[in-house]
Amino acid sequence: MVTDWSYWAVQTLNGLQLSMLLFLLSVGLTVIFGLLHFVNLAHGALYGLGAYIGISAAAATGSYWAGFAAAPIVVALTGMLLYLGLMKRMRQAGPMNQVLVTLGLIFVFVDVFRLIWGDLAIGTAAPAIFSGRSDVFGVVYPTYRLFIIALGAIVMAALALVLSRTQLGAMIRAGVDNDQMAACLGVNVERIFFIVFCVGCALAGLAGAVAVPVFSAHPDMGTEILISTLIVVVVGGMGSLRGAVAGSFLVGFAQTFGAVLVPEVASLLIYALLAGVLVFRPTGLFPARA
Amino acid sequence: QDYKVGMLLPYSGVYAALGKDIDEGFVLALEEAGMADQVEIIREDTEVKPPVGLAKARKLVLEDQVDVLVGPVSSGVLGAVRDFVDQTKTPIIVANAGNDEATGENCTPYIVRVSFSNSQVNRPMGQWMYDQGIRKVYTMAPDYAAGRQQIGAFAEAFKAAGGEIVGQEFTPFRTTQDFGPYLSAAQATEPDAVYVFYAGSEAINFVKQYDAFGLNDTATLHGSGFINSPLYVDAQGPAAVGTVASLHYIPTLDTPENKTFVEAVQKRYERTPSEYTVQGYDAGRSFVEAIKSGATDKEAIAKALPTVEYVSPRGPVSIDPATNNIVQNMYIYETVEGDDGKLTQKLIGTVENVKDPVNGCEM
Amino acid sequence: MFRQSLLKTIVILALLGGGVVYTFFTGYFGKELVIEAATLAILAISLDMVAGYGGMISLCHGAIFGIGAYTFAALTVLFGVHPLLAFAAAIVATALFGAVVGAITSRTHGIFFIMATLAFGQMAYVTIFESRTLGGDDGLAGVPRLDLSAIGIDLMNSTNFALFAIAALALVYVIAAFVLRSGFGRTLVGIHVNEARMKAVGLTVWHYKAAAFGISGALAGLGGAIAAQQTMFVSPELLVWMVSGTVLMVVIFGGIGTLVGPAVGAVVWVFLKHEISSITVHWHMIAGAVLIITIVAGGRGLYGQIEYMIENRRAKQKQPDETNVSPLAQERETHA
Amino acid sequence: MLEARDLNKAFGSLVVTKDVSFSLEKGERRVVLGPNGAGKTTLFNLLVGELKPNSGSVRMGGEDLTSLSVAARARRGLARSYQKNNLFGALTVRENLALAVATARGAAGWLARDTLADPEIAKGVADAAAQVGLTDALDAKVDAVSYGVRRQLEVGIALSTGPRVLLMDEPTSGVGPGMIQAFHTLLHTLPRELTILIIEHDMDLAFDVADRITVLNYGEVVFEGTPDETRASPMVREIYLGEWDAHA
Amino acid sequence: MLEVSELETGYGETRVIHGLSLNAVPGRMLAILGRNGAGKTTTLKAIMGLLPAAGGDIRFQGKSLVGTAPYDIAKHGIAYVPETRDIFPSLTVRENLMLAARMAPRDATWTLERVFEFFPRLGERLNNGGNQLSGGEQQMLAIGRALLMNPKLLILDEPTEGLAPIIVRQIHDKLAALKEDGMTMILVEQNFGFATSLADEVVIVGRGRSVWEGLSADIRADTDTQHKWLGV
Ligand SMILES: Nc1ncnc2c1ncn2[C@@H]1O[C@H](COP(=O)(O)OP(=O)(O)OP(=O)(O)O)[C@@H](O)[C@H]1O
Ligand SMILES: Nc1ncnc2c1ncn2[C@@H]1O[C@H](COP(=O)(O)OP(=O)(O)OP(=O)(O)O)[C@@H](O)[C@H]1O
Ligand SMILES: CC(C)C[C@H](N)C(=O)O
Ligand SMILES: [Mg+2]
Ligand SMILES: [Mg+2]
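Chains as they are written, first to last, in the working numbering: chain W, 1 to 290; chain B, 291 to 653; chain C, 654 to 989; chain X, 990 to 1237; chain G, 1238 to 1469.
One chain only, chain W, in its complex shape (with noise of 0.2 Å):
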């Protein structure tokens, strides 16, 4: 194979790019998944909804950034009516039903994109100061994929921040554990998860308006990409953010070396790893406590 170390340079740099993408894309549904213990497989189709939002946004303004801005915002918006309007009468309604209402939204959401934007997938370009390519150390990378790794970044020590250090943090976990007692000593159960579920559409979105320069839109993105975030989410283990990053590290490395290094069994590999981690942690890498 190559020896030139810049070669294995810029595939780390790939491999660190689609982390980031996936922490992203995985965060929002490990946060809702692991603290509401709600399972909801349409987070996905709001991942879809960001990067068509964050496609007309950019269209109709010519500037990227108003997608950027506008995908987050409307996605969780989309996620409080979905929450005042079903997912909160779902909360009590145990995991098998939020399957099944959640597998229910994503088929009316493709329909729905398809119905507004088309059946054709549809991209939208990098922003002018992210274009083209930069020179970190001497490895020439796509300036756009670094903007991707510094986001995910910050959003990942945002999060960290919240979660452990906050009294909010220590309230949502409470209210996940036992609702009822938390009630008792005076949280508002019903108003954090809301909160919460809504920041976890935000990142959804976020996440779409993200990815568009690089992927395209369309459809059934949302429902490709589920597999992948659900296995970030399960491989970490759930409710966890540590577990969330290490779950994003683990497949996008896998994914990037395992296509160069192990071609014909690269499309396996993800579920093999899935597999394995679970055999021998069976509830992934960094539970949340309990």
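Keep in mind the hints are simulated off the structure, nothing from the lab.
Check before you lean on any hint, since a few could be wrong.
[To be verified] Among the chain C residues that face chain X by a calculated CB cut under 8 Å, a handful are:
| # | residue |
| --- | --- |
| 1 | MET654 |
| 2 | ARG834 |
| 3 | PHE837 |
| 4 | THR840 |
| 5 | ASN847 |
| 6 | ALA849 |
| 7 | ARG850 |
| 8 | LYS852 |
| 9 | VAL854 |
| 10 | THR857 |
| 11 | ARG967 |
[Said to hold, decoys possible] Label-pair distances were calculated between CB atoms; the ranges are:
| # | chain 1 | residue 1 | chain 2 | residue 2 | range |
| --- | --- | --- | --- | --- | --- |
| 12 | C | THR933 | W | PRO95 | 29 to 35 Å |
| 13 | G | PRO1289 | W | ILE129 | 41 to 47 Å |
| 14 | G | ASN1368 | W | VAL262 | 39 to 45 Å |
| 15 | G | PRO1289 | W | GLY62 | 28 to 34 Å |
| 16 | W | ILE154 | C | SER931 | 47 to 53 Å |
| 17 | C | THR786 | X | ASN1043 | 23 to 29 Å |
| 18 | G | ASN1368 | W | ASP4 | 47 to 53 Å |
Heads up, the beta-carbon is just placed ideally off N, CA and C, and yes, glycines get one too.
Go by the hints and put chains B, C, X and G with the ligands onto chain W.
Frame of chain W, contents of chains B, C, X and G with the ligands only:
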């Protein structure tokens, strides 16, 4: 109404847009011939799933008693219905699916293909690229039958011409979104050109990322024409400029037949035709020709279809009786920015009357 | 705990009977739908066995179904094995696959179990998709049907084949019900409700999980082998995870943990889907909406809701608080 | 009958069980006392195998159980009831007991017969229910019975497996005087050859049923002796009893 | 301070409490006694708003709590120690406590420090997960957590369950101390001696109704009632 046509196309799923274009092209051909009200069209959605496609084909033939099937887009579906149409002696006019076997070892008198065969589209590029002085080529395609055939045909021809394939990668079909790792690998082999087959959203992702990684500066992107089909070339944006590809049709062909066709499509559907629109049109046109030649029932239509010959928007076309695959020109074009700033196709080479070898077909 | 209640018996018989009658009066495609519904129902029942009663929500039953189909297809098409043998082989193969997956995943629970099974399902899918010998994404064509001419039945005739599928469904239901009302079935529920305590009273849990998954796998495989004969063609699409998702959906839609419900769900789903898709290509949206509504409305699934309401009425008939009061307390009070 | 040798267990840096050794004669009734957090429940977990010791061994009837799984130990007749109810919530009392009886009798795998319909098993269930006074509650759903009833069932399940050695973790916690009485009676009616180890905070009960008493503190055995010796021990009084009879 | 009148409640279909009344007087402790299954816990759940009141009224400082959300009721100043303790497993001991302390005023009488004096054991387990505590430690944590809410009314459901006698003794003294501080309390107990030696008033619940009310001194004397309703 004297005839029943069963449209076996994806109206949902990844190829829904392709199905739509083919359908429109077909309808246009009927209207042009003023036969729209003689023909009843029954549409069934294959969902791009072979089992579904087969079930729908069964329904169209056994329940609706159609005289002829039109479609499918996916090679998988065509493979699935092959035995069935053969047994029930139902002619099927293939309007996209490109798998070589359908007009090769698995051919039957009842499969007539007016679209293309996977290798037909790519074979000519081998010699042509060599003639342009390209010597070292790296190839990529999705890892499924169509992908392997399209690349296989090119690689064979290119090597035959004296070129060298410095690397070959088949990426997991429909699960690959980030081509970064593969592109870096390709870059490392320092090829004169990269030759690919990608379609749909994969094509968009690939072209954009190819450009982002700066390969355009070192190695021109070549490929099977689906790579920047007018359907989605806009989504690829500037990244697509400079790509060189071969296909059986481009909307910018400067022939009277094409001009009228493009106008007709513009008028009827308010957009420029894609290769799929033409495939649909020629499916309709060949059906019309078959009828005109006096065919009435399934058997007769099946007999008549291979004999049709006319000048299509894509140039002179005929059916090779040995394989029932279409004989047609291949157009090598470059994607360029037009005067209106929109991307368009600039014809830079034509390979005439490309005809597949019989490869194992016995009628 | 599973009870073959009168309601269950009535509904399943009505379903099967209805199928038979419909088969005789419908056209060609109607029969195809009957067969599709029957095979889907078989798959759904096999899933409900482990999911509804054993608490093992599997997302690889579509794959198992597909493995059944492929085993039958490959053996007959590639190796010219006699269809009957191939049929048996398909069942054995899926039983084994099920048992292995069940054993390996036995330590995982909830979503982790779901994902673990998904992993194995997808591995099977990818392997077949990329296997040249099995025809890759093109699949295998020319799959024969069982030859029952010996007993004067021609399965190439779609009426006969539809009846054959219905019979298979009936058989599968009986087997499932029989297993569930056996000691093994009770144990399965026990594991579902409190696995730790089952261990504490001396059960080697993973043996039973593996066995349950094996049995369920065999039933799913049987369904798959029939599906392969219906289309006389197999392709990797059969194994893709969305199929498992759809089946799971059908199970919940009909009423998870009711055994009859999933069968009802399957039938409703197949015909609903057909009806809607003949109206609009956007049938996904309608179907999705219908699902959401049924769940938000009831939450127990179509059949599940009915059964729940009926059982409840019975429960109310025998006076309630009796059961609630601690017996010791009662006893004390009487002689106080 | 049951023997622990130098058991050690630590959670991270926290040592919860320290060189614990003791042995029970066949039919002996032993009570384990100790302040909260002394490591009593942990000791039970080590004995039945729900926790693996860092060192030391557990033997029953001469056989070394240390490497055996929870289930394997249970099948050899080592049963245990939990401090925190660990029941089959969604099921009825009858079904709870039936599951235990069936498993204990190797009927869990029956494919041809129904363990809920089997007379043999039904008898086992009836007996166990009678012993813990659940006969009238057999068809109540566990979710819907009061805490007291659940405690009865907790012990009932352990008993219904027909153990040789029975470990009970605070069987009477949270139940009223009436039931405690009934529990006294139960202990006296149990077959004499059944070996019993009880964790108990109810001193009347402890001193009433115990042949010997073991006192744990900070994971160590700090005292072992007869009830009277225990009552007399100033150390036990100091770390555990206090003036426990102050308000009886 | 808290008056419950003719309360009717239960679980879904099953009605468990049929017209129960009680009255907690400021600065005094009310003990609710009764057999297993009598309905004590159910009553408390209704007071906390965890179960809907199907009939009757619950007034706290003159204001009706019926229909109020549990978290609001808590904010009114009622703290609850459930019989199942309900420690949050995924929170550490400290976090469990902080959660309760978060709404406390600056000059709060109850602080972490004071709770650790109260239960030194908790101080030693600060970083254990809630699921890594012994039964007794969980009980202490549950009480400590309730105290940190600096409540006006403290409700305890079987606080001595599973505690070593010496701890029971301590808790007895601590509760006595709390009474001194003028804390209003409702205590559900199986331990008759414990309860009556602390409480001022006693309500006995039987079959979901209040069957006896009076001073604890009286019930200690009244052995018939004890036998009839408590099986002592
Ligand atoms: N999983 C765990 N991780 C860390 N520490 C633990 C864990 N489980 C128990 N402990 C600690 O070990 C000590 C002993 O716990 P154990 O439950 O054995 O006490 P116990 O004697 O049963 O007390 P009680 O009478 O209150 O039930 C306690 O201090 C507890 O905090
Ligand atoms: N979740 C429930 N669903 C239905 N009935 C219930 C439920 N919980 C308790 N009950 C019933 O309500 C009655 C009162 O239960 P409750 O727990 O209030 O009794 P208690 O007085 O607290 O007894 P204990 O001293 O055992 O805690 C009991 O008969 C019990 O069977
Ligand atoms: C160009 C593509 C639409 C061809 C199609 N993928 C096929 O299977 O043949
Ligand atoms: Mg304990
Ligand atoms: Mg209670």
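Please write out, lowest number first, the hints stated earlier that are contradicted by the structure.
-> 11, 13, 15 and 17
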